[in-house]
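Protein sequences appear in the order of chains A and B.
Numbering (full-length UniProt numbering) for the first sequence: 1 to 90.
Numbering (full-length UniProt numbering) for the second sequence: 1 to 436.
If you're looking for bench data, these hints aren't it; they were derived computationally from the structure.
A few of these clues could be false.
[Stated by the list, open to error] Just the calculated beta-carbon pair ranges, DEER-fashion: (1) B:S330 - A:S53: 39 to 45 Å; (2) B:S316 - A:G24: 33 to 39 Å; (3) B:R384 - A:Q39: 27 to 33 Å; (4) B:P434 - A:S37: 37 to 43 Å; (5) B:L407 - A:G24: 46 to 52 Å; (6) A:S76 - B:T288: 47 to 53 Å; (7) A:G24 - B:R14: 42 to 48 Å; (8) B:S330 - A:T44: 50 to 56 Å; (9) B:F298 - A:T44: 25 to 31 Å; (10) A:D77 - B:L407: 24 to 30 Å; (11) A:S53 - B:G152: 56 to 62 Å.
Think of the CB as a built atom: it goes at the ideal place given N, C-alpha and C, for glycine as much as any other residue.
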Amino acid sequence: MMDGESRDSLVKILFFAKARELSGLKESRAKLPANISYQSLLDTIIEKFGLESIRDSVILSLNEEYLAANGTLNLSDQDEIAVIPPLSGG
Amino acid sequence: MNEEELIREIVALRKTLREKKDTLRRLQRDKHVVQECGLTNEEIGRYSRQILVPEIGVKGQLKLKKSSVLIVGAGGLGCPAALYLVGAGIGHIGIIDYDEVEINNLHRQLLHSEESIRVSKVVSATAALTRLNSSVNITPYKMQLDSSNALGIVKQYDVILDATDNVATRYLLNDACVLTGKPLVSGSALKFEGQLTVYNYRGPCYRCVFPTPPPPETVTNCGDGGVLGAAVGTIGVLQALEAMKIILEMSGVLAGRLLLFDGTETLFRNVKLRPKNQNCLICGDNSTIDKLIDYEEFCRAKANDKNPGLKLLKESERLSVKEYHKFADSSATSHVLIDVRSHEEFEICKLPNSINVPFTQISKPNGHALVEQVIRSMRNGDTRIDVIVICRRGNDSQKAVKILKGLINDEAVNIRDVIGGIHAWAKNVDPTFPIY
């Protein structure tokens with residue numbers, strides 16, 4: 001338990017749509033606590049990649065599964081987090 | 001006869017021709033031989049290559065024939081979607097669009113042609129679709145879908161396609177589909193990217209997934225960000241596919257999953273979405289929205305992707321293109337002309353002696369450093385200097401002036417923008433300048 005709380009995981013972060021435009025990145029890597037709440041994960045990503053303006057309108061996914069806003073995650077190395085804002089053009 | 005009159009006459013003649021052709025087609029619809037299976041010989045011949053597919057068969061073809069699909073938006077998504085649905089023999093197609101065809105549509109909105117420029121998009125689309133398959137009943141709606149008319153139209157169709165280009169209409173359509181119990185095949189695209197999912201069908205609705213509209217200043221539309229025809233077309237074609245799967249009652253419908261298409265790498269990712277949100281304001285257990293609301297207010301944005309016509313600056317902070325023209329020619333004080341369009345736009349055309357600092361850079365933290373550097377290089381010590389900001393249509397230039405004024409605290413630096421940007425320049429000063 002103690003170990004789990006202090007461990008970090010090296011995860012891959014994918015950016016789509018406006019998140020790609022704002023961060024200037026398609027993907028990146030980040031060292032994050034293995035045990036992390038959704039809210040701290042969101043805060044960390046938003047701050048680290050300059051996404052403040054779209055904070056309330058993105059969804060996050062972990063390994064291609066939607067992340068619920070109230071959960072706590074257990075991240076492993078190689079996990080893939082995606083930052084997905086809605087696209088509205090057409 | 002002058003050019004304008006001639007163009008008007010040609011447009012009118014084309015309209016008459018289309019109407020007469022339609023009448024002729026209806027008259028010629030011959031007395032079909034109907035087989036015991038329920039399809040006519042003509043239908044069997046026309047649709048044979050899809051009837052042979054086990055998932056479709058005669059039963060499936062009859063389902064398609066009896067079904068109706070509403071396509072909202074006759075643009076980059078709606079055109080390819082409509083082509084495949086009409087080709088496949090959907091019985092009734094409705095198409096809504098308030099807009100008229102412009103030349104900058106033609107690279108991706110392939111139902112329209114050079115002949116359709118200035119013609120209503122739904123009229124142009126109906127003509128093209130009727131040429132493809134005259135047996136499909138097509139209802140064009142030349143109107144802006146809004147809270148007063150959406151429910152009445154949506155409820156007449158089996159499946160709704162969101163092929164629109166703006167946030168407000170997306171929420172409007174979602175709510176209309178939830179209130180009428182219709183599946184919503186939602187597609188969107190920008191640049192090389194696309195998104196696709198089916199809302200309100202054995203899964204969440206748009207509001208369950210995106211309860212809060214994005215701040216308007218973070219929304220990029222195709223007119224500003226650009227879009228590749230083949231990328232948006234890919235999503236449009238997939239919208240037709242999903243609509244047909246719903247009509248055929250197949251199990252693999254893209255509901256509860258969001259498809260992310262990245263055309264730069266030709267990657268398709270499927271993200272599993274959340275289940276229906278029990279607390280969703282429109283489709284949840286205790287929904288509080290029981291009728292359509294004001295979506296432009298909700299999204300703080302117009303229900304189109306046209307020029308927002310911002311008014312952020314005082315008159316004294318702005319120059320008309322004619323004033324700028326005179327000023328640039330005669331000004332005794334030195335001035336800098338900063339063009340805040342993207343590098344790509346700057347490459348298309350530019351005013352003489354303009355310096356390109358894209359708005360995306362200015363709006364970043366420390367973005368003004370670049371502008372300060374430009375000003376320093378043009379200025380002799382602390383002498384007075386005029387900084388003129390220009391963009392495409394006079395919106396970003398106002399935002400840029402606001403940002404720069406907040407950051408550059410120097411009385412001797414007079415920062416203003418050019419009203420209407422280079423569009424106004426093309427219209428009022430230099431008619432040889434391109435408009436895009």
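Taking the hints in turn, this is what the structure says about them:
One distance hint, 39 to 45 Å for the beta-carbon pair S330 of chain B and S53 of chain A, holds here, with the actual separation near 41 Å. Here the CB-CB span from S316 of chain B to G24 of chain A is close to 36 Å, well matched to the stated 33 to 39 Å. Restraint check, R384 of chain B to Q39 of chain A: a C-beta distance of roughly 51 Å breaks the suggested window 27 to 33 Å. Distance hint check: the CB atoms of P434 of chain B and S37 of chain A are about 52 Å apart, inconsistent with the given range 37 to 43 Å.
Between L407 of chain B and G24 of chain A the CB atoms are about 21 Å apart, so this pair departs from the stated range of 46 to 52 Å. For S76 of chain A and T288 of chain B, the hinted distance range of 47 to 53 Å is not satisfied, since their beta carbons lie about 40 Å from each other. Roughly 47 Å separates the CB atoms of G24 of chain A and R14 of chain B, a value that falls within the hinted 42 to 48 Å. Checked against the hint of 50 to 56 Å, the pair S330 of chain B and T44 of chain A passes, with Cβ atoms roughly 55 Å apart.
Taking 25 to 31 Å as the suggested C-beta distance range, the pair F298 of chain B and T44 of chain A conforms, at roughly 30 Å. Restraint check, D77 of chain A to L407 of chain B: a C-beta distance of roughly 42 Å breaks the suggested window 24 to 30 Å. Hint check: S53 of chain A to G152 of chain B, Cβ distance near 37 Å, so the stated range 56 to 62 Å is violated.
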